[in-house]
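Enquirer: Here is how the chains run, residue by residue.
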Amino acid sequence: MLEVKDLHVSIHGKTILDGLSLAVKPGEVAAIMGPNGSGKSTLSYVIAGKPGYEVTSGEVLLDGENLLDLPADERARKGVFLAFQYPIEIPGVATMTFLKASLNAQRRGRGEADLTTPEFMRRVREASQRLKVDQEMLRRPLNVGFSGGEKKRIEILQMTLLNPRFAVLDETDSGLDIDALRIVSEGVNALRDPTRGFLVITHYQRLLDHIKPDVVHVMAKGRIVASGGPELALELEKNGYRDYAVEAA
Amino acid sequence: MAAPAPSRSTAEATLARQFAALKALAATPGRAAAFARFAASGLPTRRIEAWHYTDLRAAMTDAAPLAPAPDGAAIEAARALLAAHDKIGVARLVTVNGRFAPELGDAPPDGAAVAGREARATEARDAMASLVEAMSPDSLTVEIAAGAEIAGPIEIVHLAVGEGAFSLYSWTEIALGAGARATVVETFLGATPAVQRHAATTVRLARGGWLKHVAAIGDEAELHLESQLIDLEAEAELNAFGFVSGGALNRRQIFARLAGADAKIALGGLALIEGTRRADTTLEVVHVAPRGFSREFYRAIVADEAVGVFQGKIMVAPGAQKTDGAMKSQAVLLSPQAQMNAKPELEIFADDVICGHGATVASIDPEMIFYLQSRGIPKEEAEAMLLDAFGAEAIAKVDDDALAEGLRARLAAWLAGRNLRTEANA
Ligand SMILES: Nc1ncnc2c1ncn2[C@@H]1O[C@H](COP(=O)(O)OP(=O)(O)OP(=O)(O)O)[C@@H](O)[C@H]1O
Ligand SMILES: [Mg+2]
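Chains U and Y, in that order, give the protein sequences. Numbered by the numbering used here, the letters in the first sequence go through residues 78 to 326 in order. Numbered by the numbering used here, the letters in the second sequence go through residues 70 to 495 in order.
Just so you know, nobody snuck in bad clues.
No farther apart than 20 Å at their CA atoms in a straight line, the calculated lysine to any residue pairs in the SDA-like style are these:
| id | chain 1 | residue 1 | chain 2 | residue 2 |
| --- | --- | --- | --- | --- |
| 1 | U | 127 | Y | 447 |
| 2 | U | 289 | U | 273 |
| 3 | Y | 448 | U | 184 |
| 4 | U | 155 | Y | 447 |
| 5 | U | 177 | Y | 461 |
| 6 | Y | 448 | U | 174 |
| 7 | Y | 448 | U | 181 |
| 8 | Y | 448 | U | 129 |
| 9 | Y | 448 | U | 146 |
Coverage of chain U stretches by chain Y, computed from C-beta distances (three or more under 8 Å per stretch; other residues unrestricted):
| id | stretch |
| --- | --- |
| 10 | 117-131 |
| 11 | 137-151 |
| 12 | 164-172 |
| 13 | 177-191 |
FYI, nobody ran anything at the bench for these hints, they're computed from the structure. Cβ atoms here follow ideal geometry from the backbone N, Cα and C, with glycine treated the same way.
With the hints as extra help, turn the sequences into a complete structure.
Expert: In structure tokens, the structure reads:
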């Protein structure tokens with residue numbers, strides 16, 4: 078469903094993605110591991126449509142449609158979701174207000190009517206109970222003063238509500254305590270289905286213990302240098318990146 | 070030593086003629102003295118520090134004819150404007166072109182007395198406040214008796230009514246007796262782009278008086294010049310907020326004096342400035358007595374080729390020990406041509422004080438926009454959300470849910486209007 082073809086991306090003239098190719102099939106969870114600075118977040122931003130990157134060549138296709146010409150909001154309405162490595166704080170915008178605006182923007186994009194407030198509240202209540210997110214937190218400005226783990230939980234809450242077709246999770250496990258890791262993973266697993274794809278970026282096997290990947294890719298210096306099954310992650314955990322002729326930073 | 074007087078500008082000459090023609094008024098010693106103070110300096114230019122960013126003498130090519138006393142047709146037009154304006158609070162008082170029109174408003178609530186009468190002399194040092202003192206045909210005085218507590222806001226609606234170009238002068242006095250509590254909203258309505266409005270409001274709080282004041286300016290005046298002359302006695306407390314949108318040239322100047330010990334003042338504002346408009350807020354907060362407390366918090370959203378100005382000065386006199394003052398100005402610029410001139414200043418002559426100030430001018434954070442867009446929210450809507458939040462945080466300083474809600478609705482309308490224009494241009 079997602080195809081990245083020979084993607085070259087630079088920022089301020091510096092090459093960051095250097096001929097990266099990758100495909101995620103419907104129903105698949107693909108994991109990406111790779112040293113700091115190898116370009117994992119850059120890839121996730123380019124998929125989501127963050128401005129400021131220069132795509133010098135290559136394509137990013139969702140179900141055959143090139144995403145690169147679309148602004149981020151249109152990509153989101155087509156079903157792309159990015160759980161940020163560092164979620165942004167938005168002062169003055171209550172989390173609840175933001176959730177409603179997001180959900181309704183996506184519904185309008187699909188030609189659907191806005192959710193009624195009771196229906197919206199019901200969905201939020203259900204998702205936040207499942208993810209053990211305190212409803213009180215949703216009244217606060219989005220991410221402002223939230224702990225690292227709380228921010229990550231709110232990312233997954235958003236994903237659950239928005240119900241994307243393809244989600245990129247950029248180090249969602251970092252900052253989560255042991256219980257939260259399990260809860261968040263269960264939240265992701267609950268969304269796994271034959272039509273949906275995931276790209277899970279992580280540094281650690283522990284996330285993949287909970288979210289079992291179908292494929293593991295190793296990324297270094299802006300490209301995929303190895304791909305394999307779940308055993309590849311275990312091997313990396315043991316040996317680091319030395320077999321891939323790159324040093325972990 | 071006075072600088073050699075520059076030759077009179079066209080507007081200054083017209084103003085002198087207009088004042089002289091007000092015969093009875095011009096013969097009143099207080100009015101004559103006020104006009105003389107104005108005439109001595111003339112219309113302010115950028116050489117005067119407080120007017121550094123707004124050269125009124127250059128901007129005001131001429132003074133429009135004085136608005137006549139409203140006739141029957143004007144009163145009917147006023148009624149129509151009022152009918153379209155949601156009522157705020159427990160009582161509405163109305164002025165039309167600077168004249169108190171009791172027949173258009175309500176009886177004052179218990180504890181409040183209202184009169185249209187000769188203004189008290191203030192000896193305002195500012196030329197434009199002096200001009201209003203000289204030229205205003207009438208004054209509206211709202212007096213709250215000592216110890217009285219008014220149950221809800223009193224709204225003063227200042228209407229500009231009439232065809233074509235005219236200028237109007239309005240003088241309003243708000244005075245609270247010792248320990249009195251009240252909320253007063255001044256709404257300026259009806260001015261078309263041909264109207265020059267000169268307004269002044271004096272606010273006097275006796276010992277322990279408590280006033281919440283909101284000024285809302287949302288009409289289209291060519292010129293809106295408004296002075297607030299504030300005097301706080303001991304333990305008095307004022308929270309004053311100014312909401313500005315619309316108008317070609319808007320200048321609000323606030324002169325506040327914390328004359329008694331333990332007085333508290335919170336000044337706040339939000340200016341929404343687009344197109345080629347200019348909006349200037351200039352404050353001077355003077356701490357004269359010990360243990361005064363002042364907070365100034367002003368925000369502006371400046372779009373297109375508009376220009377915003379914030380000048381704030383906190384002065385602490387030698388006797389004003391233990392003053393606690395903090396001033397902040399924050400602006401968001403929405404286009405590369407938009408301008409914000411911010412100049413907060415402290416002048417401190419006492420040693421045991423805590424005072425600080427800060428000013429920021431920024432654009433909308435693209436990281437925030439991207440985050441919102443990545444959730445499916447279109448860019449314009451994302452921007453409007455962030456600006457709404459930015460403005461709402463300023464409005465929250467009003468600290469009154471109903472009044473804040475009204476101002477938020479104005480903010481939302483302004484943001485919606487901007488989006489419509491952007492779409493029309495796209
Ligand atoms: N805006 C930018 N300007 C300059 N360099 C950038 C910018 N954004 C990213 N880079 C550089 O691009 C490279 C890849 O960064 P990226 O964040 O994609 O790495 P990553 O694989 O996600 O690392 P980590 O594991 O630490 O999260 C880094 O060297 C980084 O410094
Ligand atoms: Mg990263």
